[in-house]
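Undergrad: For reference, each letter of the sequence shown is one residue, going 19 to 262 in this note's numbering.
Simulated from the structure, these hints should not be mistaken for laboratory data.
The hints are all genuine.
Quick list of the computed label-pair ranges, beta carbon to beta carbon:
1) P120 x A28: 18 to 24 Å
2) I141 x R226: 29 to 35 Å
3) P243 x H189: 33 to 39 Å
4) Q81 x D186: 37 to 43 Å
5) Y236 x H189: 16 to 22 Å
6) G151 x G104: 19 to 25 Å
7) P191 x Q81: 44 to 50 Å
8) P243 x R150: 24 to 30 Å
With a Cα cut of at most 25 Å, we get these calculated DMTMM-like pairs of lysine to aspartate or glutamate:
9) K103 x E127
10) K170 x E127
11) K103 x E69
12) K103 x E122
13) K103 x E73
14) K103 x E135
15) K170 x D193
16) K103 x D175
17) K170 x D192
18) K170 x E145
19) K170 x D138
20) K170 x E202
21) K103 x D138
22) K170 x E122
23) K170 x E135
24) K103 x D136
25) K103 x E145
26) K103 x E60
27) K103 x D158
28) K170 x D136
29) K103 x E59
Just so we're clear, the structure is a prediction, and the values are computed from it rather than from any experiment.
Backbone N, C-alpha and C fix where the C-beta goes; we use that ideal spot for every residue, glycine too.
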Amino acid sequence: VHYQPKMDLADSRISSVEALVRWQHPTMGLLPPSEFIPLAEESGLISAIGELVLERACRQARQWHERGMGDIRVSVNLSAHQFRKGNLADVIDRILALTGLPAELLELELTESLIMEDMDQNIARLERLRARGVGLSLDDFGTGYSSLNYLKRFPVDTLKIDRSFITDLAHNPDDAAITRAIIEMAHSLSMSVVAEGVETEGQLEFLRQQHCDEIQGYYYARPMPWADLVQFLDNRSRAACLQQ
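Just need the whole structure built from these sequences, with the hints factored in.
TA: Put into structure tokens, the structure is as follows:
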């Protein structure tokens with residue numbers, strides 16, 4: 019599991035990290051999820067992998083919490099297969115109890131297209147998860163087919179603007195207008211907003227001016243292994259102490 023930090027634009031602190039699965043192949047090296055997740059879904063291994071990532075992320079988040087690094091949330095993506103299983107809430111309960119991570123420090127990410135497949139049943143599933151105290155994030159927002167009428171019913175806390183709208187913010191007025199509208203709409207629904215795929219100073223400044231809540235992307239930090247993340251957090255903590 020690798021982790022990519024997210025930065026809070028209000029105070030430039032690390033507010034959360036996203037857990038991202040990788041496969042260390044014996045001959046092909048480190049493989050991104052696009053290289054093996056489709057096979058895992060086809061073979062039925064995706065639920066086992068998903069639970070492994072969820073447990074590992076919660077366990078390691080508990081460790082940096084115990085190291086005094088602050089209440090940094092960890093975000094974990096849920097696959098469609100995981101989300102549709104009837105025992106997901108029980109799995110979350112078991113892993114939180116096993117790892118000792120407070121529920122409020124775990125955030126679950128789902129795509130809007132997944133939630134739209136069976137609206138009423140999925141809203142009930144989301145409400146059961148939210149009742150546990152975990153956060154819920156709608157990933158890749160703007161690329162699916164959700165309607166605003168349904169969006170107001172989603173019991174989610176955060177919208178993640180898809181990177182396809184962020185990439186050309188400085189040169190494409192349509193992308194800029196869509197991004198601005200998503201941020202305003204989300205805030206009006208009492209949701210926070212994360213922009214993913216931020217790679218330039220220009221993108222950062224635009225999002226700051228629009229009062230986006232968090233950013234995630236190579237401009238701030240690449241995904242990194244656990245040990246590198248701990249060093250990254252330690253360095254940030256020491257730098258903050260020196261500035262005080």
